[in-house]
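Next come the chains, spelled out residue by residue.
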Amino acid sequence: MITTASLTFGYPRSIPIFQDFNWQVQHGETWAILGSSGCGKTTLLYLLAGLRFPTKGEIEIDGERLTRPRPHSGLILQDYGLLPWATVRENAGLGLKVREFYGEDGKHAPKNFQPENNVEHWLNRLGLSEVANKYPSQISGGQRQRTAIARTLALSPDLLLMDEPFSSLDAITREDLQNLTLSLCEEQNLTLVIVTHSIEEAASLGGKILLLGSSPRIFENPTVRQGDHRNSQEYRDLCNLLWREMRNETA
Amino acid sequence: MKRRDLLFSAAGLVLIWQVAAMLIQRPILPAPWEVLIVFVQELGNGLVTHFFYSLWRVTAGMALSVLIAAPVGLAVGGSKRLDAIFSPIIYLLYPIPKVVFVPVVLLFLGIGDLAKISIIFLILFFQIVVLVRDQAAGLAPQLIQSLQSLGAGRRALFRFVYLPASLPAILTALRQSIGTAVAVLYITELFATKYGLGYYIYYNGSTLFYYPAMYAGVIAMSLLGLGMYYTVDWLEQRWCKWKFVS
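Sequences listed follow chains Y and H, in order.
Residue 193 in my numbering is what sits at position 71 of the first sequence, and the numbering runs on without skipping anything.
Residue 224 in my numbering is what sits at position 221 of the second sequence, and the numbering runs on without skipping anything.
One should not assume that every hint holds.
To be verified - Okay, derived cross-link-like pairs now, DSSO-like style, lysine-lysine, Cα gap no bigger than 27 Å in a straight line:
| # | chain 1 | residue 1 | chain 2 | residue 2 |
| --- | --- | --- | --- | --- |
| 1 | Y | K178 | H | K83 |
| 2 | Y | K178 | Y | K219 |
| 3 | Y | K178 | Y | K229 |
| 4 | Y | K233 | Y | K219 |
| 5 | Y | K219 | H | K5 |
| 6 | H | K101 | Y | K256 |
| 7 | H | K101 | Y | K219 |
| 8 | Y | K229 | H | K83 |
| 9 | H | K244 | H | K5 |
| 10 | Y | K256 | H | K5 |
| 11 | H | K5 | H | K197 |
| 12 | Y | K229 | Y | K219 |
| 13 | H | K197 | H | K101 |
| 14 | H | K83 | Y | K256 |
| 15 | Y | K330 | Y | K178 |
Simulated from the structure, these hints should not be mistaken for laboratory data.
Same shape as in the complex, but just chain Y (with noise of 0.2 Å):
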């Protein structure tokens, strides 16, 4: 699904984040991203958004070459990235409004947009229905990250591209928005790709991990979509090992 060759980027004057990078991707698969701060994390992730450019290489996604966002792809960042002035339901249904305000042009909305309601659908599974008609100021970060999320499923995508989502939520709400995602993932057969700081992060929803550092190297976890794989035994080896690599990077 996704295909990185030979990715080089850099911010100007200073040396560059990825040299030669060479990455792939399958359709259906779960990618955690992790990373010290600093490391290019969430650059890697804005580039698969179409919103930074490879110095040199190029990104492919779906075979067609990257070069502005891509109308299937769903963002989220950290801080939402809602609108302050419209309300919940105003907010999930902001991806349609844009698409209905450019038309099926294949740019901005892709080719065979057909505007189908199902804003409603998506406040409704995310469990938003209540505070639909609430702005961004009254309702929890938890409810907030998850209209975030109904507004880009709202937009049927097949690749979910997030950015530390859930990092400034407490313990119990960052879990279950984390099962939330992984099953959403499941129901509608999408690519995830996570950027996360979080060791136990990367280990819950990553099905594979992509431990950047001066070297990016990749980490199995089969057994994530198992039941219950929170307490098992190749969590928390997994998390050693993580963090064991971690600790040599920075050494």
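Mind docking chain H on chain Y? Use the hints.
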């Protein structure tokens, strides 16, 4: 602002006025009661017409400045390149007291309403540009990026982010500039007109020495400003509901 508070404040001011009038005992400061009677008399004697002339000029000036300054502020705030070009110009022109241009504007635009409206426009324009620009430039990058990832290009960003985000800034700019606008209105109406509250106040005070009517004009001007404050508050409550939720 609650109505009850406004009433109390008005009563307090009238009380101070009454005491001052009793102490000074000169025609230049008539008692509030006397002024009120003249105010009511003058309403039927042309004060209403003067009021509406002033209302029209100040409203037109404000509307014109919003219509022109808001898009300029949005464009400059939304683009680093435009900001680099225009912000220095704005900073050079902003601190100049625009009142000094009154004779120049009168010379170029004549003595009609256009000149008076243009002067009000000149003064408000920069305040609104600066406030709207800061609002647009201060928008969280996450907000812009989220919208871009939803497929929004320049036009959609403008429609769904910049425009609604600038509304509170426009209203704030308007509220801040009502005082200045009314003050400038007074100055512009001193020149080459026979209508408007500025003219009315000056004519009664400095030509006829009919002080109760002059104060009636001052009251009318204060009511004009008050009405404008209320209108802006009302618009804000209607258009920016999200600012009033708790």
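| said: Between the alpha carbons of H:K83 and Y:K256, is the straight-line distance 27 Å or under? | reply: violated, 34 Å
| said: Checking one constraint from the list: CA of H:K5 to CA of H:K197, max 27 Å. Satisfied? | reply: violated, 37 Å
| Is the straight-line distance between the alpha-carbon of H:K197 and that of H:K101 27 Å or less? | Holds, at roughly 23 Å.
| Are the Cα atoms of Y:K178 and Y:K219 separated by 27 Å or less? | violated, 35 Å
| Pair hint Y:K229 and H:K83, alpha-carbon separation not exceeding 27 Å | Measuring from Cα to Cα gives roughly 25 Å; hence the hint holds.
| field | Satisfaction of hint between H:K5 and Y:K219, Cα-Cα up to 27 Å | value | Violated, at about 38 Å.
| request: Below or equal to 27 Å on CA atoms is what counts here, so check Y:K256 against H:K5. | output: holds, 26 Å
| Has the given pair, H:K101 with Y:K219, been kept, meaning a C-alpha gap of at most 27 Å? | violated, 43 Å
| query | Does H:K83 lie within 27 Å of Y:K178 when you go C-alpha to C-alpha? | reply | holds, 26 Å
| said: So if I understand the rule, the pair passes when the alpha-carbon distance is 27 Å or less; does H:K101 with Y:K256 pass? | reply: Given pair H:K101, Y:K256 is violated - Cα atoms ~44 Å apart, limit 27 Å.
| query | Are the Cα positions of Y:K229 and Y:K219 separated by 27 Å at most? | reply | holds, 15 Å
| said: Can you confirm whether the C-alpha distance between Y:K178 and Y:K229 stays at or below 27 Å? | reply: Cα-Cα ~23 Å, so holds.
Checked against the numbered hints above, the structure violates hints 2, 5, 6, 7, 11 and 14; every other hint is satisfied.
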